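Novice: Sequences are here, hints too, so could you generate the full structure?
Take a look at the letters that make up each chain.
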Amino acid sequence: MIGATIHELTTAYAAGERSPVAVAEAYLARIDALDPRVGAYLTLMRDEALAAARLSEARYRAGRPVGPLDGAPVALKDVFCTRGVRTTCGSRILETFVPPYDATLVDRLRAAGAVILGKTNMDEFAMGSSTEHSAFHVTRNPWDLTRVPGGSSGGSAAAVAGGLAAGAFGTDTGGSVRQPAAFCGVVGLKPTYGRVSRYGLVAFASSLDHVAPFALDIVDTALLLGAVAGHDPLDATSVAAPVPDYVAALAGGVQGLRIGVPDEYFGAGLDPEIERAVRVAIDVLRELGATIERVSLPSTEHGVATYYVVAPAEASSNLARYDGVKYGLRVPGKDLIDMASRTRAAGFGAEVKRRIMLGTYALSAGYHDAYYGQAQKVRTLVRREFEAAFARVDLLAAPTTPSVAFAHGAKSDPLAMYMNDVYTIPASMTGLPAVSVPCGFNAAGLPIGLQLIGRALDEPTLLRAAHAYEQATPWRQRRPVLS
Amino acid sequence: MSSGGARRRTPGEPPATVVRGGPPSYDTVIGLEVHAQLATSSKMFCGCPTTFGAAPNSRTCPICLGMPGVLPVTNRRAVELGVRAALALDLRVNAACRFARKHYYYPDMPKNFQISQYEEPLAEDGWLEIDTPDGARRIGIQRLHLEEDVGRLVHEGDFAAAQASLVDYNRSGVPLMETVSRPDLRSPEEAAIYLRAFRAVLLYLGVCDGNMEQGSLRCDANVSLRPRGASELGTKVEIKNLNSFRNVQRALEYEVQRQADALAAGRRIVQETRLFDADRGTTRPMRSKEYAHDYRYFPEPDLVPLRLDPAWIASVRVTLPELPRARRQRFVSQYGLPAYDAEILTQSRALAEYYEAAVRAHANAKGISNWVMTELLRELGGDDEAALARSPIAPAALAALVRLIDDGTISGRIAKDVFARMLAGGGDPEAIVRREGLTQVADAGALEVLVDQAIAANPKAVADFKSGKAAAAKAFVGQVMKASGGKANPAIVDRLVQEKLSRI
Amino acid sequence: MISREDVEHVARLARLALSEAESERMREQLSGILAYIDTLRALDTAGVEPTSHAVPLVNVMRDDETRPCLSQDVALANAPDRSDDFFRVPRIIED
Chain A
196 MIGATIHELT
206 TAYAAGERSP
216 VAVAEAYLAR
226 IDALDPRVGA
236 YLTLMRDEAL
246 AAARLSEARY
256 RAGRPVGPLD
266 GAPVALKDVF
276 CTRGVRTTCG
286 SRILETFVPP
296 YDATLVDRLR
306 AAGAVILGKT
316 NMDEFAMGSS
326 TEHSAFHVTR
336 NPWDLTRVPG
346 GSSGGSAAAV
356 AGGLAAGAFG
366 TDTGGSVRQP
376 AAFCGVVGLK
386 PTYGRVSRYG
396 LVAFASSLDH
406 VAPFALDIVD
416 TALLLGAVAG
426 HDPLDATSVA
436 APVPDYVAAL
446 AGGVQGLRIG
456 VPDEYFGAGL
466 DPEIERAVRV
476 AIDVLRELGA
486 TIERVSLPST
496 EHGVATYYVV
506 APAEASSNLA
516 RYDGVKYGLR
526 VPGKDLIDMA
536 SRTRAAGFGA
546 EVKRRIMLGT
556 YALSAGYHDA
566 YYGQAQKVRT
576 LVRREFEAAF
586 ARVDLLAAPT
596 TPSVAFAHGA
606 KSDPLAMYMN
616 DVYTIPASMT
626 GLPAVSVPCG
636 FNAAGLPIGL
646 QLIGRALDEP
656 TLLRAAHAYE
666 QATPWRQRRP
676 VLS
Chain B
131 MSSGGARRRT
141 PGEPPATVVR
151 GGPPSYDTVI
161 GLEVHAQLAT
171 SSKMFCGCPT
181 TFGAAPNSRT
191 CPICLGMPGV
201 LPVTNRRAVE
211 LGVRAALALD
221 LRVNAACRFA
231 RKHYYYPDMP
241 KNFQISQYEE
251 PLAEDGWLEI
261 DTPDGARRIG
271 IQRLHLEEDV
281 GRLVHEGDFA
291 AAQASLVDYN
301 RSGVPLMETV
311 SRPDLRSPEE
321 AAIYLRAFRA
331 VLLYLGVCDG
341 NMEQGSLRCD
351 ANVSLRPRGA
361 SELGTKVEIK
371 NLNSFRNVQR
381 ALEYEVQRQA
391 DALAAGRRIV
401 QETRLFDADR
411 GTTRPMRSKE
421 YAHDYRYFPE
431 PDLVPLRLDP
441 AWIASVRVTL
451 PELPRARRQR
461 FVSQYGLPAY
471 DAEILTQSRA
481 LAEYYEAAVR
491 AHANAKGISN
501 WVMTELLREL
511 GGDDEAALAR
521 SPIAPAALAA
531 LVRLIDDGTI
541 SGRIAKDVFA
551 RMLAGGGDPE
561 AIVRREGLTQ
571 VADAGALEVL
581 VDQAIAANPK
591 AVADFKSGKA
601 AAAKAFVGQV
611 MKASGGKANP
621 AIVDRLVQEK
631 LSRI
Chain C
5 MISREDVEHV
15 ARLARLALSE
25 AESERMREQL
35 SGILAYIDTL
45 RALDTAGVEP
55 TSHAVPLVNV
65 MRDDETRPCL
75 SQDVALANAP
85 DRSDDFFRVP
95 RIIED
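Chains as they are written, first to last, in the numbering used here: chain A, 196 to 678; chain B, 131 to 634; chain C, 5 to 99.
The hints are all genuine.
Distance windows between CB atoms, simulated:
# : chain 1 : residue 1 : chain 2 : residue 2 : range
1 : B       : 185       : A       : 217       : 46 to 56 Å
2 : B       : 409       : C       : 46        : 58 to 68 Å
3 : B       : 365       : C       : 69        : 42 to 52 Å
Rather than coming from a laboratory, the hints here were simulated on the basis of the structure. Note that the structure is predicted; figures quoted are calculated from it, not measured. The C-beta atom is built at its ideal place from N, Cα and C for all residues, glycine as well.
Specialist: Here's what the structure looks like:
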């Protein structure tokens, strides 16, 4: 049962074959047994989960489940505000913060009957690609505990990969769901910007943050997305477009679909084993009926630099509020400025401080136009290239990451760490939907991810192609052994 | 101070600032930044109510507390009110505008940035015409933009010795409209006039309640001195948080003199921000160096731009009322009222409308004006909509009262009595006069009898009158008024007394 | 390429108290990152509009309606220092 997908579980609940409470208890027991080694969770919501499972069970008994997610055990990255449950964002500065409200994501999951098992570990304030920058502990990749699960949503990815939750949510700003999904051999979807409400998601980079699900397969991904997508009056950047039935849209295959393969995603720096696996995956899509052609996105090489101006700039602004005045950590000082400076120095880790400094510099007088202004213009150039490509093709196919999961401590140079995001950054910057789906393993048995990128709000096509690929390949059946 | 001594200025010439102790002369250059709280029910970016005076931190939510994870959503009514004000002040409403983050650290600002507008404000390039002792002047308004207000800081104990400050976030997030005038104001007096006129416009529009004690309207001033004839402006000093017209004028008068004295002593003016100390009537530098800011503005990513439909803007323009100055001028030209009366009657839109309704009912513009300005205003305790709505005397009733005087039914004295009864219990003046039998006696025959009686009863007064004391006649008039219970028509009595005395 | 003074100035703007060692390490790391980012400056973006928003939305507003507030206790629940109904902060003095 562990390793069952959400749709398998809820089908079993509806058939009376399984009990939501028993399943929740099983997950909690497994977490107790194995999470000390994996470190996926920061806060377990044991009582709440069991209470939600009991309510779910009662609904199934009465023949009235609220939907296909009713009773599904899921985990949430500790960046989503949960009323009455501490929400730390992986940071000391919010170690004791208890939000008085739920994120819209949380509201909608509760309304869908989901059972929230707990809050998962993350790189502090979502800044990082390895979950090594959490203030609390590291998370380990269930496929190889000496390696990172990726980041910043490493806890959620590891939870799904390790059978410690059937599904999970994280956030993807520069790749923080797709990259850990690739490293952990699960599906990670970054929807179109604005498709899912950001209200209650503690902001890192406002114009780049996306609420994004992890799942064991595409059907689950479609279920999770469908339950939470849609306009939210509390988020002025949420789109009002109607939410299609993402599960129904999975049928149809890829016959006649045009898929573009961008040259710039296959250059130097890409692990040859990954390249091989991804090209084989593209061949599978061709065999399934898609037409494949080469495209060029010349600005790809500027993506990392652009992202590392815009994201830190917005982050430096979003994190200004953490100053010991209204909530969170306060370190005493002789006056207000002293207090705030000491609080932030003690409360933030090195990576967060680095990005706050970078962002403040990029916005400061005299540098604003050259850095922030220029970066936002290059962002437009990147977007134009994608628009031109999508005039010829319906999807793009590429690797998700340039390397497989690396060892803890392997990437100590910040810039080397940033380069992890080279293939995932462009879809974040343009707000286009992108999914990472498992497409194989390297010789050492570490997972490899295939990335598909689609047009804005065209999750149906994106998921349909990913589903067709997934159904035609065996990768889903292989799971890490954790005992 | 700003117009050295009794020297008469030629009209249009700006007042000169004379440095104590001698030449050269300086021009005073003042610009005003006015922050007005918009009269919405809810805050700018969240649904908390904007009511004043609630218990501290009882009108807040995660959004206006700047909690992690929250997002702002723009209040449509605030935008509407901003557009209304922009149109009334002849600003050009920009086709597109956006919000921007303005960064600085201060505990009254929950996010440590304020959502404001920077490069693309709501409106630009307008003006307000004001009437000064030197005549009409057009004061330019550079820009008008929307932003959120900050919380309120209270110092624990004595300000100078306070070890801590206390923060109340009720006010955080209230919608503000900021306007920046061009540095066209040439004296502290002019600045106060501008502020008064500006406030009157906002009240007329229903955009702001203009309550300066409660902080609905706040003002910062920028003031510098420029040597007469020079083209470059002098170093400007910002004076913050002037919370009454009087304080605006006092603060500027002090500051102008302070700068003039400094320049006379050969000292440079430091560009800084100063606070007005109302108790001492002086300005002093602000304690924190918050003015040396790098605001690091960038477009607010959580809010999308506004592109206001020109057709909608035109529909707002149509709803603009006649503005205070135009109405004041019309009262003079249409009703022939003195400027003084027009000024008082138009200080609120509600009062002006009351007046005009009364005059429509009975066309004695001056008579009704007198009654409104003296009797009515004294009793109402306020000239705003609320006070007038509470008034038991409707415009038509006041008009009817004046008509009764004009057609001789009652005297002015009796009318005051009737007015008091109307105040106490409402009712229509004709009915009251009838019921109380207050109709003025104008029957000359009846009055002659009373005059004869008064004369017969006062031989000494007659003798005084005859010996040349014309004023003695008043005693007879008084007697007759008393004997008639105040109802005698005084003009007729007066005439009869004069006639009879002259025949004695 | 970023000076020690710049680092100190930016740290002050960002209210971050950095030790000597941290400032130096920050200076080195930021210099490296900025050198990388500087490649952007050479790109020709004449006439290109900046992307402030990934979605082409305009005019999203809400009606002027009030919603329930937090109670005082809930609003102040996370306060590091509370004095009756207020948030309490250390005194504010000149920089």
